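Going line by line, the protein sequences match chains A and B.
Just so you know, we're using the numbering used here here: the first sequence kicks off at 1 and counts up by one.
Just so you know, we're using the numbering used here here: the second sequence kicks off at 1 and counts up by one.
Hints are computed from structural coordinates only; laboratory data are not their basis.
Computed list of lysine-lysine pairs in DSS-like fashion (alpha-carbon distance at most 27 Å, straight line):
id : chain 1 : residue 1 : chain 2 : residue 2
1  : B       : K118      : A       : K73
2  : B       : K110      : A       : K73
3  : A       : K58       : A       : K73
4  : A       : K85       : B       : K172
5  : A       : K305      : A       : K242
6  : A       : K85       : A       : K64
7  : A       : K73       : A       : K85
8  : B       : K172      : A       : K58
9  : B       : K88       : B       : K110
10 : A       : K242      : A       : K188
11 : B       : K88       : B       : K118
A short list of chain A residues far from chain B (calculated; beta carbon distances all over 10 Å):
id : residue
12 : L133
13 : R139
14 : E159
15 : A176
16 : Q191
17 : L212
18 : A228
19 : A233
20 : I250
21 : V263
22 : N300
23 : G312
24 : I314
Listed next, the stretches of chain A that the computed footprint assigns to chain B, with coverage defined by at least 3 CB atoms under 8 Å from CB atoms of chain B:
id : region
25 : 24-38
26 : 41-49
27 : 61-75
28 : 78-88
Everything numeric in this text was worked out from a predicted model, so none of it was measured.
Note that CB positions come from ideal geometry on N, CA and C, so glycine has one too.
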Amino acid sequence: MVKMHQQTDDILLRRYLLGEASLEEQSMVEQQLLSQENFFNQLLRVEEELTDQYVAGKLQASEKYHFESYFMKAPERRESVEFAKAFNRHLTENSKAQPGKTSFLAFVSQRRTIVQAGMVFALMLLAVVSLLLWRQNIRLKKEIQQAYSQPARSTRQDEDLKLQLNQAKARVDQLAANAQQQQDQLAKLEQELTRAQTPSVPRGIESTVAVLTLSPGISRSADTAGIANLSAATRQLRLQLKTNEGGYRIYRAEVQTVEGQVVWAHDGLSSRGNQITITLPAGLITRSDYLVVLSGARANQEFEKIGAYYFGVIRKPI
Amino acid sequence: MNRHIRVNRRLEARPDLRSVDRSSARTRKGDLTPEGFERLLDWLDQNRDAAGHRYEEIRTRLIKVFVCRGCSVPEELADETINRVAGKIDQIATTYVGNPVLYFYGVADKIFLEYVRKRSTPSLPLPESSTEEAEQRYRCLEQCMERLSAQSRELILAYYGSDMGTNIDTRKELAERTGIGANALWIRAHRIRESLRQCVRECLRRHARTDLFGNAKPDKYSKEN
Chain A
1 MVKMHQQTDD
11 ILLRRYLLGE
21 ASLEEQSMVE
31 QQLLSQENFF
41 NQLLRVEEEL
51 TDQYVAGKLQ
61 ASEKYHFESY
71 FMKAPERRES
81 VEFAKAFNRH
91 LTENSKAQPG
101 KTSFLAFVSQ
111 RRTIVQAGMV
121 FALMLLAVVS
131 LLLWRQNIRL
141 KKEIQQAYSQ
151 PARSTRQDED
161 LKLQLNQAKA
171 RVDQLAANAQ
181 QQQDQLAKLE
191 QELTRAQTPS
201 VPRGIESTVA
211 VLTLSPGISR
221 SADTAGIANL
231 SAATRQLRLQ
241 LKTNEGGYRI
251 YRAEVQTVEG
261 QVVWAHDGLS
271 SRGNQITITL
281 PAGLITRSDY
291 LVVLSGARAN
301 QEFEKIGAYY
311 FGVIRKPI
Chain B
1 MNRHIRVNRR
11 LEARPDLRSV
21 DRSSARTRKG
31 DLTPEGFERL
41 LDWLDQNRDA
51 AGHRYEEIRT
61 RLIKVFVCRG
71 CSVPEELADE
81 TINRVAGKID
91 QIATTYVGNP
101 VLYFYGVADK
111 IFLEYVRKRS
121 TPSLPLPESS
131 TEEAEQRYRC
141 LEQCMERLSA
151 QSRELILAYY
161 GSDMGTNIDT
171 RKELAERTGI
181 GANALWIRAH
191 RIRESLRQCV
201 RECLRRHART
211 DLFGNAKPDK
221 YSKEN
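Work out the full structure, taking the sequences as your base and the hints as a guide.
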């Protein structure tokens with residue numbers, strides 16, 4: 001629409017410039033020339049085109065007539081035509097002289113082409129780089145996922161191991177508890193056995209028996225573990241002799257004073273476990289220190305000394 | 001810009017204003033005094049810069065109108081138009097309603113009629129420019145082309161081409177190649193062409209003042225004469 005309007009204006013301006021416009025058209029054109037900058041520029045362009053076409057010999061006969069008889073009345077127009085002739089000549093000679101010369105605009109155009117090609121190349125490069133980055137990104141994501149999953153796996157293994165360890169510990173604790181329980185049970189059984197071996201004593205006189213456990217080789221002055229506390233009510237002294245020498249059929253025990261006087265002896269003793277128990281009347285124990293000599297006899301053999309046991313006696317006052 | 005400097009610049013564009021004897025209360029009939037010029041600018045626009053720009057625009061276009069009507073002295077007629085308007089400025093400023101440009105146009109129409117009535121003899125037939133004059137013009141043009149920047153020179157050569165740009169397709173192609181709109185491209189090319197034309201005009205004027213041996217000749221066009 002604008003282009004059509006412009007073409008219409010061009011035709012009107014052309015007629016105006018050649019003096020072919022009516023008075024009304026002339027007035028309208030001139031008022032627009034004074035008030036509208038675009039219209040003024042349009043007039044200058046049409047004026048220039050007319051001049052150049054005249055110089056180039058491209059005006060129709062009637063236009064040429066009006067151009068020469070009206071358009072060129074003003075001296076400025078004549079000067080303009082002379083300039084256009086010189087300019088046309090220069091352009092013609094210039095194009096002949098330098099037909100292959102690369103013009104600035106050609107350079108600009110080439111540069112635009114180069115820039116466009118460069119932009120296409122840059123876009124392609126960008127696309128390739130983007131693709132590579134995308135692939136690398138995916139690879140890195142996978143690696144990160146793997147990195148996250150590995151600790152989880154090892155954590156699970158650690159947990160399994162801890163569980164196994166705890167189970168093992170629990171089993172060990174259970175075994176230890178069982179062993180303790182069995183030891184306790186064993187000790188209880190031994191005590192019951194010892195109690196069963198000793199003559200049954202009425203509950204009321206149970207305190208009349210003193211019990212002392214002795215280990216072989218303990219000197220007289222060793223410690224209080226080998227001391228029997230006897231009271232006036234004590235009737236019997238039971239000595240439990242521990243020995244590491246097993247394998248004897250029977251045993252013999254002699255209770256002697258430190259001077260070597262045998263105050264009590266008994267043959268045909270047997271061992272229970274690693275212990276031989278003897279019970280002697282408390283009335284025989286009048287001194288403060290005694291020695292128990294333990295002998296053993298294997299089958300068809302004489303007695304041989306196995307060990308000696310010292311113990312002291314403390315008489316509690318009544 | 002200082003108001004007086006700007007006004008003086010406008011005055012420089014009006015030789016007739018410079019010739020006015022400002023110390024005298026008397027002026028030639030129709031002459032525009034600086035005070036009248038000031039009032040004219042105020043009427044055109046309250047803003048001094050805009051008023052100056054508007055004044056130059058009106059004068060340029062009035063000259064073009066007179067050229068288009070075939071006047072041999074378009075500048076004088078344009079200045080006379082402005083003088084007439086300025087002479088009535090006190091009356092116009094208070095009573096006239098509308099675009100001031102149209103008032104100028106109305107006055108210009110009357111001035112043209114006066115010019116036609118005064119013109120006793122019809123315009124003489126166009127004198128053909130001599131070969132020598134054409135050659136001198138061409139030499140001046142070549143010199144002026146050399147003074148152009150490479151960019152301007154290439155643009156104008158490409159725009160007008162060997163067939164003076166009468167091939168519209170060539171210009172369209174050029175506009176597409178340079179990425180500039182057709183109108184903008186024409187304005188650029190036209191400005192370069194006008195600067196060339198001005199350069200050639202000055203070159204010819206300089207040449208007219210010197211003889212074949214480079215000595216100064218009396219200038220028959222000089223105002224001093």
